[in-house]
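Visitor: Chains A and B are the protein sequences, given in the same order.
Residues 1 to 324 (the working numbering) are what the first sequence spells out, left to right.
Residues 1001 to 1302 (the working numbering) are what the second sequence spells out, left to right.
Worth flagging that the hints you see were computed from the coordinates, not collected in a lab.
Heads up, a few of these hints could be off.
[Said to hold, decoys possible] List time: in silico PhoX-like cross-link candidates among lysine-lysine, alpha-carbon distance up to 20 Å:
#, chain 1, residue 1, chain 2, residue 2
1, B, Lys1300, A, Lys117
2, B, Lys1297, A, Lys117
3, B, Lys1297, A, Lys142
4, A, Lys118, B, Lys1297
5, A, Lys247, B, Lys1296
[Said to hold, decoys possible] Quick partial rundown of chain B residues pointing at chain A, CB under 8 Å, derived from the structure:
#, residue
6, Pro1053
7, Val1165
8, Asn1169
9, Asp1293
10, Val1295
11, Ile1299
The C-beta atom is built at its ideal place from N, Cα and C for all residues, glycine as well.
Single-letter residue listing:
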Amino acid sequence: MDKLKRFLEGSVVIPYSDNILEAIDTACQSYNKDENINRFELFENMVECFLTSKDDKNFHAYLNDSVEKEGTLTVLPNVVVQRIAGYKSYIMVMEADCEEDSSIMATIFMNYILLVKKRLNNIPCSDLILEIYNKHLSCYIKDNDKLRNLNDTGLIKTIAEAADPISILNEKEDEANINKQLLVLAKSAAFYQYDKIFNGNDVRNIEDPFARIFVALCKMVHETSYCYYDYLFYLKSMELLKNDECKCRKSIVKIIDSVQSYADEWPEYLNSKSSLLLRLIKNENRDSISTLLTTQLGIKEFTVYLYYELMVEEILNLMYDDGE
Amino acid sequence: MESNLDLLQNNVEKHRETAAVPQTTVQNDNSVFIGEALNDDEKLNLLMTDTKPYITILVGFEGYGKTSFVATCYHIMLTDGGIGEYKFCDSDTLVGLERRSFLRRFNAAMESVPSSTKRTIRGEAHLLTFHLSKDGSEKITIFSDHSGEDYRKYANHKDEIKNDVLIQNADRILFFVDIPSLLDTKFLRMVQDYKNLLSNMKSADIFRPQTKITLLFNKIDIINDDATKERYEEKKKVLIPVFRSIIGINEIETIELTSNNIDKSDDLKSLLQDIAQSNSIQTWIDNNESDLDWVKKFIKEQ
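Let the hints inform the model, and build the full structure from the sequences given.
Guide: Next comes the structure, spelled out in structure tokens:
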């Protein structure tokens, strides 16, 4: 409840009593707990409400009902509901059922930051938001991709020379070592695929630097077998740029013009409302996020935002395909 | 007296007709205030619209002119129909405030009334709200006018101030300095009282970075010769550093005025205007923008 108190600081005249806080906290914990509810969509609604003050009528009504039952207040003002939505987003990330969910939600939250890039200093509780940041997909991937040494490739020779590699591998006694070497092989193969994309002339010959980055990252996420390794996508992307291109900036509307002709192929469809650049590129929801169009974005920032939008889309695609 | 009251009534009617009063912004059921003074700080949450009310706390000891100040503000709102660009559209006025306002306004005619009845009595409801409107949007500003005895209690008992939730959430604190007391033998007592009060406020974390602090030297009209002026300046030089050092700020805003003189109220009006156009503190924690710009940080770390 301390965190709820923190989220509400400065939004009410007099801090709410513990009874009201408890009623709000209970409401936040129980709101849309149903298993059939799409937790990521719910999370997106909460983040939109918190960052952009977009009213979520159901959430607002649910909270009003809860505090009315407590007996002191009848209606919560929008500005308070907005902060409570921030708290709900926070607990959804911090108390998610699994680490994966937590990191997807944190990444969705951070993708939305593009929408409020111009007024970041108006966002309350920055220290609590930084706790959400610590759950970002990049941290999750770093923590889980611990295979650092890719030189242990002795297994290549064994497999290459074997007529029946599975039986040879089964005969080996050191199972743990074999497993490790197989993982090294898989990672090396994936890195080879990534490098091939970044070195490919079909990408390098694209004239517009934003389009070059867009195609490279789309191919990396969509055309490789596995994209969840801790790969230095940012540095590799920067290698695609000439010196003078590294500092180029454009308004988002102009960036979209540059990349739109390459966007027919990827991504096929979008799952997350937080994929702001991809939605603009695919001409979806253009009206509701049109304020973004004039925002200036450097090519480095574009690279990072785009990569994590593509990653969230890819992960949600997999999850939804698996019936989640 | 009659003409003054007529003036009030006529102006209120006139401004009610012209003011763009928002009809729907107050979402809560405020009927709890009808016939009842705003005597419970927590009820202020019921006044919240989508704009958080701006809270100004008047701090000072007995007879320093806090209620005269707020009564003059109220008078200005009623007679001028607002302040600056803000129209005055409503007030959850206290019966107590009306009474005190009346007693001060006609102080001269009330000499036979014991002075204690003219003051704010400890325990009286202390809140006054002004509902203002500009371009159709509503804004509420709240004055807290506790009795001088309350502040003496806060000065003498460290823990008492912790029960005052409003002062802990103030947007602006006006410290009243009574110039007659500053100039006479009560000066040392005043300094000591303020030292105690400020120390207790400091230990209760009242002075947040965003809270605006103003030192208001009241009853400036009594200074009418050079010798008094010189003595006044000397005393100020002693008092102001006390505030600076205990609060922990390098500069402190000072204002000189006479809170009960409606004819010479330009300074008071400009302060009231500043209060009316100030926005309430929404974020207590100082944001470091670059921390939240995660992409910038990501790029820097590569």
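Visitor: So, for every hint listed, does it hold in this structure?
Guide: Comparing the hints with the structure gives:
1. Using a Cα cut-off of 20 Å, the hinted pair Lys1300 (chain B) and Lys117 (chain A) holds, with the two alpha carbons roughly 17 Å apart.
2. For a cut-off of 20 Å, the pair hint linking Lys1297 (chain B) to Lys117 (chain A) stands: about 13 Å separates their Cα positions.
3. With a CA separation close to 16 Å, the supplied pair Lys1297 (chain B) and Lys142 (chain A) stays within the 20 Å bound.
4. For a cut-off of 20 Å, the pair hint linking Lys118 (chain A) to Lys1297 (chain B) stands: about 16 Å separates their Cα positions.
5. For the suggested pair Lys247 (chain A) and Lys1296 (chain B), the alpha carbons sit about 14 Å apart, so the restraint of at most 20 Å is met.
6. Interface restraint check: Pro1053 (chain B) against chain A, minimum CB-CB distance 5 Å, threshold 8 Å, status holds.
7. The beta carbon of Val1165 (chain B) is positioned within 8 Å of a beta carbon in chain A (closest approach about 5 Å), and the interface hint is therefore held.
8. Taking 8 Å as the C-beta cut-off, the interface hint given for Asn1169 (chain B) holds, the closest approach to chain A being about 6 Å.
9. Interface hint at Asp1293 (chain B): satisfied, since its Cβ lies 6 Å from the closest Cβ of chain A, which is below the 8 Å cut-off.
10. Among the interface hints, the one on Val1295 (chain B) holds; its C-beta lies about 5 Å from the nearest C-beta in chain A, closer than the 8 Å criterion.
11. For Ile1299 (chain B), the shortest C-beta to C-beta distance to chain A is roughly 5 Å, which falls under 8 Å, so the interface hint holds.
Comparing the model with each numbered hint stated earlier shows that all of them hold.
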